[in-house]
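Given chain V, put chain A in place with the hints provided.
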Amino acid sequence: MVSSLLVDALARPSVLLQDLANVPDDAQDLPARVSKYFGDIFASDDAFNEITQLGLETPPESLTPRSLVRFDAMVQDTACSPEIYLSKRSSGECGGWGLNEHDATDDDPSPVDYNLLRECNVIWAVSIPGQSPWSSSQGDLGVAPSTTPAPSPLSHKYPLPSTAHLGVQIKIYDSTLAEPIRTTDLYSFVGILTSDPWHTSSETVTLVPTIHVLFARQIASTIVPRAFPASFESPVREVREHLISWVADEALAGDKLAAEWVLLAVMSKVQSRAPPILPLSLNLTGFGPSTASNPKLTHVLSQLVPMLAVLPLSLNVVNSTTFVPESKDEDLHSGWLQLPKGSLCIVSEVSMDEGTVSQKGVYNLRTIQDTMSNQTLDYVFPFSQFSFETDISFLVLSAGKKSPFFRTQLQVPLRGSTDTGLYAPDASLIRLPSPETLSEYRNLIGGGKIANITLEESTAKFIQDDFVKERQAASSKNAGKTGDVVTSDDLIIRMMVAKLLAASYHRPEVTREIWEEAKALDERRKARLD
Amino acid sequence: MSSPPPLDFPTSDLDAEMEDGTAKSAAGSGRGPLFLPGTPSAAGTPARHRGSDAPGSDVFRSAVARRAVGLPATPRRGKDPLFLAGNSSSPMAFPSSTPAKTPRRSGAQMMDSDPLDFPTSPATVAPQTPRHRRGDIHPTINFTPTSSARRARRNTRDPSNLNSDGTNLDIPMSSAAPHLSAAPAPSDEPDEIRAIWGTTVSLSDTMKMFRDFIQGFKPKYRAQYDRENGIPTKPFQTPEDAEVVLYEQYLRRMRRTGDTNLNIDVINIMVYPHSKKLHGQLIKYPQEVIPVMDQVLKDLMVELAELDHEAGAEGMEGQEGEEEIADIISKVYKVRPFGLPSVNMRNLNPTDTDKLVCIKGLVIRATPVIPDMKVAFFRCLTCQHTVQVEIDRGKIEEPARCSREVCGQVGTMTMIHNRCEFADRQVIRLQETPDAVPDGQTPHTVSLSVYDELVDVAKPGDRLVITGIFRSVPTRVNPRMRTMKSLFKTYIDAVHIKLGGGGTLGFDKTTRPAQGDRAPGVAGVGDGGDEDEEGDGGLSRKAEMEKRIRELSERDDIYDVLSHSVAPSIWELDDIKKGILLQLFGGTNKSVARGGGGGGPRYRGDINVLLVGDPGTSKSQILQYVHKIAPRGVYTSGKGSSAVGLTAYVTRDPDTRQLVLESGALVLSDGGVCCIDEFDKMSDATRSVLHEVMEQQTVSIAKAGIITTLNARTSILAAANPVGSKYDVDLPVTRNIDLPPTLISRFDLLYLVLDQVDENLDRKLAQHLVSLYLEDKPAVESEDILQLPELSAYIDYARNNVHPIITEHAGEELVTCYVEMRKLGEDSRNNEKRITATTRQLESMIRLSEGHARMRLSPLVELEDVREAYRLMKEAIRTSAMDPRTGKIDMSLLNTGTGSGQRKLREDMRKAVLDMISAGGKNRNIKWSDVVRQLNEQSSVKVDTADFNEVIKALENEGLIKVVGEREKRVIRKID
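Respectively, the protein sequence lines represent chains V and A. Quick note on numbering: the first sequence equals residues 0 to 529 in numbering that gives the first Met the number 0. Quick note on numbering: the second sequence equals residues 0 to 975 in numbering that gives the first Met the number 0.
It cannot be assumed that every hint is accurate.
Said to hold, decoys possible - List time: in silico SDA-like cross-link candidates among lysine to any residue, alpha-carbon distance up to 25 Å:
id: 1; chain 1: V; residue 1: 518; chain 2: A; residue 2: 760
id: 2; chain 1: V; residue 1: 468; chain 2: A; residue 2: 614
id: 3; chain 1: A; residue 1: 725; chain 2: V; residue 2: 521
id: 4; chain 1: A; residue 1: 546; chain 2: A; residue 2: 785
id: 5; chain 1: V; residue 1: 468; chain 2: A; residue 2: 758
id: 6; chain 1: A; residue 1: 488; chain 2: V; residue 2: 114
id: 7; chain 1: A; residue 1: 627; chain 2: V; residue 2: 285
id: 8; chain 1: A; residue 1: 394; chain 2: V; residue 2: 353
id: 9; chain 1: A; residue 1: 725; chain 2: V; residue 2: 115
id: 10; chain 1: A; residue 1: 763; chain 2: V; residue 2: 271
id: 11; chain 1: V; residue 1: 518; chain 2: A; residue 2: 458
id: 12; chain 1: A; residue 1: 488; chain 2: V; residue 2: 181
id: 13; chain 1: V; residue 1: 87; chain 2: A; residue 2: 438
id: 14; chain 1: A; residue 1: 627; chain 2: V; residue 2: 468
id: 15; chain 1: V; residue 1: 525; chain 2: A; residue 2: 723
id: 16; chain 1: V; residue 1: 525; chain 2: A; residue 2: 725
id: 17; chain 1: A; residue 1: 680; chain 2: V; residue 2: 365
id: 18; chain 1: A; residue 1: 680; chain 2: V; residue 2: 360
id: 19; chain 1: A; residue 1: 488; chain 2: V; residue 2: 508
id: 20; chain 1: A; residue 1: 275; chain 2: A; residue 2: 199
id: 21; chain 1: A; residue 1: 680; chain 2: V; residue 2: 372
id: 22; chain 1: A; residue 1: 627; chain 2: V; residue 2: 373
id: 23; chain 1: A; residue 1: 546; chain 2: A; residue 2: 563
id: 24; chain 1: A; residue 1: 488; chain 2: V; residue 2: 179
id: 25; chain 1: V; residue 1: 327; chain 2: A; residue 2: 439
id: 26; chain 1: A; residue 1: 394; chain 2: V; residue 2: 196
id: 27; chain 1: A; residue 1: 283; chain 2: V; residue 2: 115
id: 28; chain 1: A; residue 1: 763; chain 2: V; residue 2: 508
id: 29; chain 1: V; residue 1: 518; chain 2: V; residue 2: 244
id: 30; chain 1: A; residue 1: 276; chain 2: A; residue 2: 354
id: 31; chain 1: V; residue 1: 400; chain 2: V; residue 2: 285
id: 32; chain 1: A; residue 1: 627; chain 2: V; residue 2: 368
id: 33; chain 1: V; residue 1: 518; chain 2: A; residue 2: 614
id: 34; chain 1: A; residue 1: 283; chain 2: V; residue 2: 114
id: 35; chain 1: V; residue 1: 401; chain 2: A; residue 2: 677
id: 36; chain 1: A; residue 1: 354; chain 2: V; residue 2: 114
id: 37; chain 1: V; residue 1: 87; chain 2: A; residue 2: 350
id: 38; chain 1: A; residue 1: 207; chain 2: A; residue 2: 229
id: 39; chain 1: V; residue 1: 518; chain 2: A; residue 2: 354
id: 40; chain 1: A; residue 1: 926; chain 2: A; residue 2: 906
Treat the hints as calculated values from the structure; they're not laboratory data.
For reference, chain V alone in the conformation it holds in the complex (with noise of 0.2 Å):
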């Protein structure tokens, strides 16, 4: 049964904003009792899911003014100057959420009780980048045509140059709510659409789509919900051996080894800051020249992962678009690598040509190697730069046998077994197992993701006699010639590897035969580097 208040909340919300306005309550800043009231209207899912949702296929101009949307957005800028708002007008009518700013008339000769401004915090969200069409609750997205001219009237503010997507002003009016908000961050703002101005340091004032927020709700980084350990249909073992089997056949030219990599990679994740437990970065190696197409591997790994960007670069990427956020006249521009958390990104290097990098090149390849191995972006603004904490599982695609530009943790050359090309013009070419293997095989991932792994002490003893043991080995053996001794940064690697690999059979631990089985992959992995 619908409830006519949810019926209203609808159709009306500005008749209810207004009605609850107007009964006064003291214990409460209403911004407070707004989002509290429409909250808990919509706070079944069910009823969540009605709200109309805004998105390439609705954009902002196809719906009425003062209409109730929802927009599932990742916030771009959070330094928009806060906006000053009458509160209650002379005429006792409440004001914010544009409410009541028609009727104002211009030469109201009463003085402004200062006491009745309130702060509204403005920030600017766009669509989320690199969304999978599969994870959008909009159902089926189709992949967008990247030829259409993005919607957004300030594109510049997205982070993936000409794709379309949208990009909203968001206006926050209950201060709890804007507080902990960040920069990256996922939510489904929840509001009545208007179009208001954009305001920048340049005289010349564009008109957005506004979101006057009536609650929020954040947005899991795995976008759809997942559980670990996650139930399935067949074992476990079977469904990852599967999922291996078919990311190796489709985009892999059939080698596993490199294909379970790819699966730890995608499924790694900073764990902690300090002491920096940080994704690993993987380096697949040996792609071979590009044709003009993209790697089969990225559209395979859409079909996985809710939220991938691929970077494809070349020295016009390089030289020309930017990578990191920057403030320019005191509007946040946004760059390449300014991704919600939990996504991955696929740096392609394989259609990079001979030629300068410029200044701007160097610095931006840099940026990709910081954030790589630090998870922090610098977000540029005049006269200081802002580090901010990222969480993006970096996999290089290389052409040769190593990256040219990148280190990252692990490198694993592709021994293609058969002859199926490693490119594909377009995601056409992909066979998709069933619906629900498919299913199956994103919650394998994304249950994965959120994996908290422990240990045992007695495992903990173990992997510190085997660390030592071994040096002790190495070093007898090559008589004092320090050669390939394990390091303690290796170490760590397969310890890191170790947990993803638990975390990859849903396990909550890691065992001996998990530390055992992550070696034998490291050594595996390191015969082939020789």
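Using the frame of chain V, we list chain A on its own:
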């Protein structure tokens, strides 16, 4: 600046009516509310209070009158209220019969000129209109400084004024004065209007309090307050120091220096018992209180000048004194309060509107100076009637119709641009400083309007502490709509600017010239050198910090605590951490003042450290960490940085097409630490720049026709990987590091970070790592370490405040240690003396000792400092300068690239080669390969090709042999 101009610009034909008292009163008050004391609205702008009203004005008036008689001075505008009281341009146009009631309500702040009086000669108006306005103060509430208060005070002061008037003037203006005070009689109105609108704050009280404060504040009050709040203060040198009337001194100084701004620390107002209330009033109602304070200040300036004049104080006698007084009268004095605790700009909210606030920030943009229209001048096209309209909250109301009743035409008023009045204004965008931004947030920005003297004080990139009035003004929501008052924008009208506020990470001040680019603070007296005080918040916090740091430095284990705090997440490497710690503190910069060549050379105090080691030994982490805590730290990777990125380059400004100089990492880290990772991967061109940087501490650039030398007084912390990524212990350091020896020798400390297999260490390491990475139990640091900001503050404090001097003992110890170091290379069994240490190492040792003393916050370098420096150097040398062939420490290994063992080897080889060639007899040619083969046969060790090449090259240079041919076919020919 309203009153004086008539004096300066006497207009000849308009003084007739000056003789009569009313006219004179008008003269004195027409510009000010004095004349209209009863109309709260009349004084819409502060400008008019100043100079024209209040006690000072009788002095002024006397001066006016004085001139009026002899000279033609016509303050003519004042008259119109008298003569044209009824037809003032007020849109409300309620006829008022008395000047006092002249309606000048908010809507139209117009002052119409009297066309009769002023026929078509607008030119004469100009000199009269100048009035004083403070751009930063626009009272949104109309108020009138009460006439009664003024009168009362004036009466009390009358005798002295009379005296002074009498002595100065031939005109008995004393009679005029009472007359004047009588003039505004109709304004005797109820008490309410003497209060700030909407409050019970009485302006006369406010004036009295401020007057009391200026005349009564003594440093002892502040000292007491500071003591009570635990703020350390400088003790007074003499008891009298505590008793001086501080602000009267300032006033005198202002008179001498011609300053018109008085900076007043609001804390002083608060602590002075009689003005306690004023503190609150000032913060809550700055736009009413500050003009009042300005007024009082001017009065006091004049009074003081008169007193001094009477007393015949120096420079105030006779004619000179009179001129001085006249000068003071003509000036506009401004009070600039400061010293509020600063708040974060994101905590400013609408309720702060129109209050005095203090914020810190970084200037990101500043507009050019904007001429800000203060008074618009309109003339009726039909009847030439002129009207002036003052700015009211950023807007100028254009008169819709001619205000002359006779004319009254609509739409005939045109603005005469060059008759309008303008003031300097500048809009600055202030961004939060990085340290004030909450974690993970983007910085906020706020607009700042600065006026008059404060214009062009701050440049982009400066850090400022701003005291100002927070404003909210309505803005248009949508350009297409006429909607106002539902949305507001905020900005700050600055009343006081302090430069260089608040960063915890400053630069090393010793690297700056004594006279900085700009003096901190701004024009004005009151917060200058002798006070050296910061705002309340700043002072107490700073003092607190200082106390903590001092306490810390008392600890015996401070050295260990600090060194453990450097990169705490990194395992062991204690000596390296200690070396880096001393690098952060640095030695003192010295220049030999009496040396030859204009001031003599400058000795760097910066300590350079090089880490060389196996991959996976957390070198980069150390660098990253240092970059975080170092003052002006810059982190760069040798691989990614071109010469340009590391140094400076010239480009064209995209806007102006002008050549501009942009500096790179080294210049940016001037006075700080530059961390260079992957030092070995750096291009030769870039590296060659470092030679200059590391010894001369400058960067020279010649580009696009500009040749310049920039200062790069920076310490360098570099990390390099050995050749072939793993350190080969069988080879000397120089062979392991692919860096020119000349560069290596410029590093004070060279550490080898080697990955050695050792069971115990390995086990500990494994434990550490496993617990860290797998068990999700971040190792709880039991030992106390300093957090990053604290460590950073400690270092900054030491660098700025401690400049240790070497004691005699320490000097002797330095000599002993140096001799010892040189002795180390002496082998008793061998006559051959190797160079172990050079003067470069002695210099390094001095710097390290100074750094160590600085770390202890000790003003003297003592024995222990030298010993520790010696130990560190030995540690560093022992591992880095070990000649693997001799097992000895050999500094020449670093300085020339060859160890003495190797040198001996080469000498032997040289002999052998010469023997071989002479043995050849007639055949003077020997094949290269034959020589190598024969040498190998003779020698017990394999002949190193590199060594062999060197020997041959040396022989060739000596002219003994000649090499002919290429590659394999090379032939060595003996030259006779």
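Evaluation of the provided hints:
1. 518(V) - 760(A): holds (22 Å)
2. 468(V) - 614(A): holds (21 Å)
3. 725(A) - 521(V): holds (21 Å)
4. 546(A) - 785(A): holds (15 Å)
5. 468(V) - 758(A): holds (8 Å)
6. 488(A) - 114(V): holds (15 Å)
7. 627(A) - 285(V): violated (38 Å)
8. 394(A) - 353(V): violated (60 Å)
9. 725(A) - 115(V): violated (69 Å)
10. 763(A) - 271(V): holds (22 Å)
11. 518(V) - 458(A): violated (58 Å)
12. 488(A) - 181(V): holds (23 Å)
13. 87(V) - 438(A): violated (34 Å)
14. 627(A) - 468(V): violated (37 Å)
15. 525(V) - 723(A): holds (18 Å)
16. 525(V) - 725(A): holds (18 Å)
17. 680(A) - 365(V): holds (14 Å)
18. 680(A) - 360(V): At roughly 18 Å apart (the allowed maximum being 25 Å), residue 360(V) and residue 680(A) satisfy the hint.
19. 488(A) - 508(V): Violated, at roughly 56 Å.
20. 275(A) - 199(A): holds (16 Å)
21. 680(A) - 372(V): Cα-Cα ~18 Å, so holds.
22. 627(A) - 373(V): With Cα atoms ~13 Å apart, residue 627(A) and residue 373(V) stay inside 25 Å; holds.
23. 546(A) - 563(A): Cα-Cα ~22 Å, so holds.
24. 488(A) - 179(V): holds (23 Å)
25. 327(V) - 439(A): Answer holds: residue 327(V) to residue 439(A) is near 19 Å, not above 25 Å.
26. 394(A) - 196(V): holds (22 Å)
27. 283(A) - 115(V): With a Cα-Cα distance of about 17 Å, the restraint between residue 283(A) and residue 115(V) holds, given a limit of 25 Å.
28. 763(A) - 508(V): holds (23 Å)
29. 518(V) - 244(V): holds (21 Å)
30. 276(A) - 354(A): Roughly 15 Å between the alpha carbons, so the hint for residue 276(A) and residue 354(A) holds.
31. 400(V) - 285(V): Within the cut-off at roughly 5 Å; holds.
32. 627(A) - 368(V): holds (18 Å)
33. 518(V) - 614(A): It holds: about 20 Å lies between the C-alpha atoms, which stays within 25 Å.
34. 283(A) - 114(V): The given pair, whose Cα atoms are some 14 Å apart, holds under the 25 Å limit.
35. 401(V) - 677(A): holds (19 Å)
36. 354(A) - 114(V): holds (13 Å)
37. 87(V) - 350(A): Distance ~15 Å between residue 87(V) and residue 350(A) Cα, so the pair holds.
38. 207(A) - 229(A): Distance of about 31 Å is beyond 25 Å: violated.
39. 518(V) - 354(A): violated (67 Å)
40. 926(A) - 906(A): Distance ~21 Å between residue 926(A) and residue 906(A) Cα, so the pair holds.
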